[in-house]
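Engineer: Make the full structure from the sequences, and use the hints.
Chains A and B, in that order, are what the protein sequence lines are. When we follow our numbering, the leftmost residue of the first sequence carries the number 1, and every step to the right adds one. When we follow our numbering, the leftmost residue of the second sequence carries the number 1, and every step to the right adds one.
Take these hints with a grain of salt, some might be off.
Which copy is meant is left open, because identical chains are indistinguishable; a pair holds if it fits in one copy or across any two.
Straight line, CA to CA, 30 Å or less: simulated DSBU-like cross-link-like pairs of lysine-lysine [unchecked claim]: (1) K66 to K142; (2) K106 to K13; (3) K91 to K106; (4) K106 to K142; (5) K13 to K91; (6) K13 to K142.
These are computed hints drawn from the structure, not numbers from a lab. It should be emphasised that the depicted structure is a prediction, and the values quoted were computed from it without experimental measurement.
The chain contents come next:
There are 2 protein chains.
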Amino acid sequence: MDPFLQAAIDEAKLGLSEGGLPIGSVLVRGGQIIGRGHNRRVQHGDPMAHAEIDCLKNAGRQATYKDTVLYSTLMPCFLCTGAAVQFGVPKVVVGESITFPGGESKWGRSGDFMEAAGIEVVNLHDATCIQMMRDFIAANPKLWNEDIGV
Amino acid sequence: MDPFLQAAIDEAKLGLSEGGLPIGSVLVRGGQIIGRGHNRRVQHGDPMAHAEIDCLKNAGRQATYKDTVLYSTLMPCFLCTGAAVQFGVPKVVVGESITFPGGESKWGRSGDFMEAAGIEVVNLHDATCIQMMRDFIAANPKLWNEDIGV
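Structural biologist: Set out below in structure tokens:
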């Protein structure tokens, strides 16, 4: 198991234990985790608190993101994709994209948008990540749809 | 003066008075402001606290954004564009795009991305908004560049 994906999964589980959505994220530089976070929409009543946004917030202000890798247990939506594109994160590693293939828009999908914007996207197709979201969505379909604005 | 742009300018001025960047935003539904915010990167040490994200956060959880209009004193970057696309905000009104023509990426600019994703973008070319950002960028070029990840 990739240790950074494991850290993102740990964050997702923490979110679940708080009554939130099980989506976690870490930001890595030079083999070190410099920020970590999880979805806190429910916990904070904050629709912007997606896992990747929470992680980037917790990492604090950075002079550059050019030497960072953003991990997420789930394919990022357009909000989180937009953050990676704007701040110049060159590589995004995702746990899975089976339960959520990325945000949808008239333009296309958020994963394709990251790649069109020059980001390297690595999908680890992780079974733990898939099962975690499958279980959550089956039990909480309304909460999940709200999270992605459906 | 559009009263919602005026409210966004008031938010921007509040941010400036706190030592932050003068960028403000409001979310409108049915002629009522349901959320307002301003850039708080400096105030909260939070690189994700762009004006539009702060505004959408302060508006709280919404069942839908299909009947909302997002105002910003400045052309939104990819982070904020991404939020509007993901959550289905159909219309974005911007104060100006002279001091910042939108986020840049290998794909193209964030304003064009909003339009490609089906969002109606209205630019009010407001002189107050332009002057406010011109003055700020001239006095704080490093802080401004950090805000947009340059």
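Engineer: Does each hint fit the structure? Answer for all of them.
Structural biologist: Quick rundown of the hints versus the structure:
1. K66 to K142: Intra 37 Å, inter 17 Å, cutoff 30 Å: inter-copy only.
2. K106 to K13: neither (33 Å within a copy, 35 Å between copies)
3. K91 to K106: both (24 Å within a copy, 14 Å between copies)
4. K106 to K142: within (23 Å within a copy, 36 Å between copies)
5. K13 to K91: within (24 Å within a copy, 36 Å between copies)
6. K13 to K142: within (20 Å within a copy, 38 Å between copies)
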